[in-house]
Each structure stands twice: as C-alpha cells, then as structure tokens.
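There are 2 protein chains.
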Amino acid sequence: MSRKWLIKNGTFVVFEQDRSIVQGYMLVEGDTISYIGEQLPEGAEDAETFDGKGLLFMPGLINTHGHAAMSLLRGYGDDMVLQTWLQEKMWPMEAKFTAGDVYAGTALSVLEMLKGGTTTFLDMYDHMDEVAKVVQQSGIRAVLMRGVIGLCPPDVQQQKLNEAIAFAKNWHGQADGRITAMISPHGPYTCPPEFFEKFVQAANDLDLPMHTHMSETRAEVEQNVNDYGVRPVQHLLNLGMFSRPSLLAHAVHLTDEEIDILAAHNVAVSHNPGSNLKLASGVARVPALLGKGVVVSLGTDGAASNNNLDMLEEVRLAALIHKGVSGDPTAVPALEALKMGTEYGAKSVFLANTGKLAAGMKADFIALNTEQAHFLPKTDYVSHVVYSAGSKDVEHVWVNGEQLVKHGACLTLDEERIRREAQEAFEGLLAR
Amino acid sequence: MSRKWLIKNGTFVVFEQDRSIVQGYMLVEGDTISYIGEQLPEGAEDAETFDGKGLLFMPGLINTHGHAAMSLLRGYGDDMVLQTWLQEKMWPMEAKFTAGDVYAGTALSVLEMLKGGTTTFLDMYDHMDEVAKVVQQSGIRAVLMRGVIGLCPPDVQQQKLNEAIAFAKNWHGQADGRITAMISPHGPYTCPPEFFEKFVQAANDLDLPMHTHMSETRAEVEQNVNDYGVRPVQHLLNLGMFSRPSLLAHAVHLTDEEIDILAAHNVAVSHNPGSNLKLASGVARVPALLGKGVVVSLGTDGAASNNNLDMLEEVRLAALIHKGVSGDPTAVPALEALKMGTEYGAKSVFLANTGKLAAGMKADFIALNTEQAHFLPKTDYVSHVVYSAGSKDVEHVWVNGEQLVKHGACLTLDEERIRREAQEAFEGLLAR
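As they're listed, the protein sequences go chains X and C. Residues 1 to 432 (the UniProt record's numbering) are what the first sequence spells out, left to right. Residues 1 to 432 (the UniProt record's numbering) are what the second sequence spells out, left to right.
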C-alpha cells in the first residue's frame, strides 16, 4: 500500500484560472497529489500529517536546458570573448572528461539543483550513463539525452548516433519512470544536414521528442544563412525536426517569421537568460514568443556560463530583463515568469504530469520558508517568489512523493563526498 | 582597552593591484582592521582567535540608494505602468506613513540587509529620526538624509528644508560615527530650481555631500528639457550641485556630453539595476561611465520596486546585464562588479575608511560559507561571489568590529518582533 500523507495549514501556489493561492490542505498518495483545496479531504483520516505553517508550497522548478557535468568548469574562465573562452578554456578541458568526471560533475550539479528547488532537469552531454546513475541515486526527475556533435568522420558520427539511440532505449522510463529520454543532435551548426536527418529518423523510430541548440549567437545565424541559404528555423523545418515534438535551447535571434513557424509547429523554447547575458549572446524575444503562444520555459545552461544552477534566479531574470529592455513594465508578469519555471517547463520537456500542484499530478513540489523579512508584508506570494525570494528559502523538496531535501539538507546524496570528489576531478583535469 | 582578535585559516577578498585573494590572517583591533596577510602578524599573541576555515571573508556590501521604509509596500503593486503604480499604489499609501510605520519598515529592511551581507546603506526618506534609531540599535552603518519633495507651498518647502538641516546637524557622526548625513533634495523634477539651490547652500553651510534622483526615466529627461531648456546634468551643474561632493541615483539616460560633465566634476552614480529593470526605466550606460572614470556604485532602491534588498543580486545584475545588452562579454568584469558593490560604494557615499579589507580600514566585513556545491571547484573566488553566490551564503557579518550576524541570525535585532510589527504596520496602512 502506498504511503498517504496530508499537508495541513499550508499555503499553496496553484495555476488555476481564477486564483494562484490556495490556503488549506494537500493530500499525497504514493507518488501522486490526490487533493488540494481549502477543505479537509475525504479519505484523509488515516493519513500522516505534516504541518505546513510558515511554508509556501509550490511546484518544483524545471530546468529545461543544461549540461550538468560542466559545473566542474565553474569559474574556469569568465568575462571572455566567446570563441576564446570555448577554444582556450572549455573545449580543451571537456576533451579530457572521463566517465568519472561526468559522474562527479553531475553529482555536484544535482546536489545544487535539488537544494535550490529544482525537481526536474534536462541534460544533454556525453557519458550519459553516468548522469542516469546520479539521477537514480538522487531521486530527482530528469530528461536525458546524449548530445552529439557531428564534426567528425562518418564512422565516428555513426558511433555517436548509435550511442544516443542505445542510451534512449536503455534509459527511457527507468528509475520508477523518473528518467525519460530525448534525441539530441547538438545543433544545426555542428551537425551537417544529412547527419541531422538521421536523428529525426531515430526520434521517429523511437517515438521520442527532440532537442537541439539554435540561434544562440548572431554569428551562428549568419553562418547558417551562408551555408544553407536559410535561417536556422527554416533549416530545421526543412530537415524535418519539427515533425517531432521539439524543444530548442536559446533561440535568441529570431525574426517574426521564425516565431510564426515555431508557433505553427508547437515548437517549445528553452530561454536561458543568465547564460545569454553572461556570454553576451543577446536578449531573446520572449514577450513576442509568449504573445504568439509559443511555450517558453527556462534553463540554466551549464554552470561554466551561468555560473550557478539556481532556477529561481532564472525566473527572476526572465521577469526583469524583458521589462528593462522593452521599456514595458508589464512584460513577462510575475505569474507568467513562475509558470515558465514550472508548468511551461514540464510542457517543454513533454511531461504531462508534473509542473503544477493539482490532483492527479506527480508529487514534485517544494516548500519555501516564508517566515523571513523578505516575504513581508503578506501582499502577493507569487510576486514575493518571483521578485524577492531566492534558493536560500528552499526548506524542503519532494520528487515523486519522496522527500529529497529536508531543512535544506539533501537526504539522498552524500554532500561532503560529492564536494570532495568534484574538487579532485577538477584537479585531475588540470593535471592531465 | 579595545578587543583584539585574529582570524586564522582565512581566505580574504582584497582589492590590491596585483591580487584579489589573500590566504592567511586578519587582525582586528577595536573597530579597525590592523593587519591582513599571509604571515602571523606581530602583536597577535594575546589576541582571541577565530577559525576562518571554510569561510570567504570580503568587505561588507554598501547599498548606495534606497528608501528602507518602503519594504512595507513590497508586493503591493507589481508589473504596472510607472505612473499608475505611483499614483494608485505607492503615493496614497506613503501619504499615510507615520513615524511608527517608518520605524517598522526600516527595521524590516535593516534586518534583511544585515542578513544579506550589507554593512552600510544610504537612506533617503521622511521621519528620518526613526531610521537613525534603527541604525543605532542594529549596529549597521548608514548614510542618512531627509529626502525633500518640493512640490508644495513655500512655507511647507521651508519647513521640510529645516527638517533636513536639523536632521543632518543632529545625527551626523552619531552612533559611534556609524551615522553620517547628506543633504538631499528629491530630484530636479520635484524641486523647483530656486528651492534646489537652497539645498546646495545648506550643504555648503554644513560641509556635507549631496544626493538626488536624476534621469531615471526618459520622460523625466524630456520634461527637464521642456521646463529648463537643458538636460538634467547641465541643469544640476547650473544649480551648483556639483560644487559639492555629489551622488546621483539612477542616471539611466545619459548622453556622452553628460557623462563627460559627471567625470569632470567627480560626481558619483548609484546604479540600481534591479529597480531600473523592474520599472522598465531602461539600462544605464555603466560601461561608458566606468570607462570615463566615473565612480559607479550599486543600490537596491526601495523594496517596492526591486523587490528585495539583496546587494549580491545587484552585483550579479551589474555584471550580467551590461554584457547582454552591449554584446560585449568583457563588459563589467566580475572584479569590477564586486568593487561597485563595496569599494566604489564607500567612495560614492564619501566614506574613506570602509569598502575594502586592508589595514587601517573599519572592520566592516562579511564571511560567506564556501563549503557548498556552488563554490566548487576552487577556481576563482571573485567569480564565484559575483556569478554564483547568493545572500544565502552570508554566514557572519561584522560592522565596526562588532559581530551583528552569526550563523545567519541577527544578534542585535529581535527578528520575530520586527516581522510581526511590519505585518501589523502594513495592515494598519490598509485599514486607515
């Protein structure tokens, strides 16, 4: 029989048509929320109770673009021109990454993400079996994929593609369903067209969604036009990607026509404001995308270009920067920014049963400690979460009904060991 | 005899020509840092010791523009057009503020600032005696001034000016020197020229620096040109303000010529990135100002337009947004952003003896807990503070050599009472 427990005296952030806050009760049965509302639910007599006083319960944050292992390179090169940073700092170090390094970096990242209230993350990298192991052990939910750069001979291309397919077959649906897979060519500028099309075919064969980087920099868009005669959105449309459910990372540089194509094909966008600002890639046209009905979610990207994995910070950046840049103080209101970090995140990674607090949804949620100065006065909790709160306020985290963080400490991971091994892995990379 | 204590095993952020990190010792005698360096200093034999292992010591953050009492209106109106927000939300409530409300709101803000690592704040508001009382009680350092809006009959103008002068006379140098005063007409668009000039005269008479709002919005600049035939910088120059040491808040909309005038007269600027973004005021030309040698520091503005008082967040925004908007990833590097939040903050409010860790400086400093995932690997602590850390990491805070925050708890303020009274004050404002 699955565990049944009841939160009482709680304040809950909901995304209902006419309200965003419910004061009362939430019932969790096994891995699922079975009730949320003002009244004590029927069937709760035999449930364990949890006193929610002083806590704000909200859906867990969903990080829809990243490379967790790159936290091993946090602070190893900042404030540099993109190409110098990549060629002199990132690529030489990443070329040395072993499976053990990916495990160590991913564990460091998952620890940080869980403690900061992220309950689902997308990861596109190499040595993905290691990432899946960390997901199994930690209890977090994840959408995983072997990201493939195709700038290599055909036999190496084919081998990488085979790895991506094998990973998806092996891991999709594993870890009590917490792991799902996607198919991910790295980008249109790193995968030649005929190679990119093989990923579309694989996604069709496996009936999985697709993910890729697109239009992060202006130079990349110009290159696409030079190489293929069209801008990246048309290029990916031509390659058949949008016949699959698709998620694009970055999408900073878009024309109106490109936004229309994305909207017409239900293509989702992972907006990465922190990374786009830090790398000086530009400011994505988020209000225009949202205005056309495109699902826009939020990602941190890797910690080498962010430099943390704090999704509440991305939510705040999404709410702030588009106002400042557009001159419109009503752009990306607080509730919309919060949905980008949660509900739209779930839609972006094609998970139907997480991203909001409602009966029938998976019990992926977090509790913030509101008994603090910056949550006062009690005016508008959605505003406080978006404009005032921080990852410091995350007190508890549950995924699939299991508590993973309690009073700020991770219950499933050995924090001290993970920190030590991450430092050792970095020193090993430097020494090799 | 003043207390003498020694931090050992510490990692210290310094702003020396050739290095920004010192590993070793810091000696504090009374309210002053007397040594910092790798070697155990002479004369430290009889000092109490403090083990700095796992902590990063850095100068306390300096918030150079704000209205602390406005935290009572946090979340009371967001995502609105500026004039609607002011006229329908802020001004009607602020008109009801009593001295008791200012005390309650300021205490709430000082509590939040101290716990977030701010050791000095500038405050421009009304009922400033109440603000000074909170400063006395809390142990924080502050630069205080009665901010005067002159859109009123001459007798009321004169009364307000008298209040501003009396406040400065009464409080400058009080609280063991932790309080200093400035003279502050609210802005060129709220103080007619002949009234503004009286503040310049008062500042001359009292030998105090001046502070005002300037060029926060484009509309305000256009109004200045319409009313006086010149842009705000020339207008303030004409009124004699820059004959005094001066600090301008916001300065978002500036021409090259205006930047040259500010540089020529050593006028400092308080950049308020969070508030400017949220109110959609625009993005200040910070790289251009820094390039011309203008001292640029950071402020939160009031919590109604931010919506927190987290200076590490302002440091991060300053480092991020100018890269994203300019397209230059080397704009406002990490160390420069950190100095804006500390060393340049001290210069902006004309305090010669705080803002950095060095022998002879006041012992205003904070310690971050670096034994956390997001401080790894140990690559570059300045980068980690600016791009990865948050107010959650502030473990200890000292001002004038006195510890005010210990393991995240404020030693000098009754947090529970302050939170309760702030909520009651807000409810009282709603009810009146």
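Hints may be right or wrong, so weigh each one.
Since copy identity is lost for identical chains, a pair holds within one copy or between any two.
[As the list claims (entries may be wrong)] Keeping only pairs whose Cα atoms sit at most 35 Å apart, straight-line, the calculated DSBU-like set for lysine-lysine is: (1) Lys-4 <-> Lys-198; (2) Lys-292 <-> Lys-53; (3) Lys-406 <-> Lys-378; (4) Lys-53 <-> Lys-406; (5) Lys-89 <-> Lys-8; (6) Lys-406 <-> Lys-8; (7) Lys-292 <-> Lys-4; (8) Lys-406 <-> Lys-4; (9) Lys-96 <-> Lys-356; (10) Lys-292 <-> Lys-89; (11) Lys-198 <-> Lys-8; (12) Lys-96 <-> Lys-378; (13) Lys-292 <-> Lys-8; (14) Lys-292 <-> Lys-96.
Worth flagging that the hints you see were computed from the coordinates, not collected in a lab.
So, going through the hints one by one against the coordinates:
| no. | hint | in the structure |
| --- | --- | --- |
| 1 | Lys-4 <-> Lys-198 | neither (46 Å within a copy, 70 Å between copies) |
| 2 | Lys-292 <-> Lys-53 | neither (40 Å within a copy, 53 Å between copies) |
| 3 | Lys-406 <-> Lys-378 | both (25 Å within a copy, 27 Å between copies) |
| 4 | Lys-53 <-> Lys-406 | both (15 Å within a copy, 26 Å between copies) |
| 5 | Lys-89 <-> Lys-8 | between (51 Å within a copy, 34 Å between copies) |
| 6 | Lys-406 <-> Lys-8 | both (17 Å within a copy, 33 Å between copies) |
| 7 | Lys-292 <-> Lys-4 | neither (41 Å within a copy, 64 Å between copies) |
| 8 | Lys-406 <-> Lys-4 | within (18 Å within a copy, 39 Å between copies) |
| 9 | Lys-96 <-> Lys-356 | neither (40 Å within a copy, 39 Å between copies) |
| 10 | Lys-292 <-> Lys-89 | between (38 Å within a copy, 31 Å between copies) |
| 11 | Lys-198 <-> Lys-8 | neither (52 Å within a copy, 60 Å between copies) |
| 12 | Lys-96 <-> Lys-378 | between (51 Å within a copy, 19 Å between copies) |
| 13 | Lys-292 <-> Lys-8 | neither (40 Å within a copy, 58 Å between copies) |
| 14 | Lys-292 <-> Lys-96 | neither (43 Å within a copy, 43 Å between copies) |
Against the hints set out earlier in the document, violations occur for numbers 1, 2, 7, 9, 11, 13 and 14.
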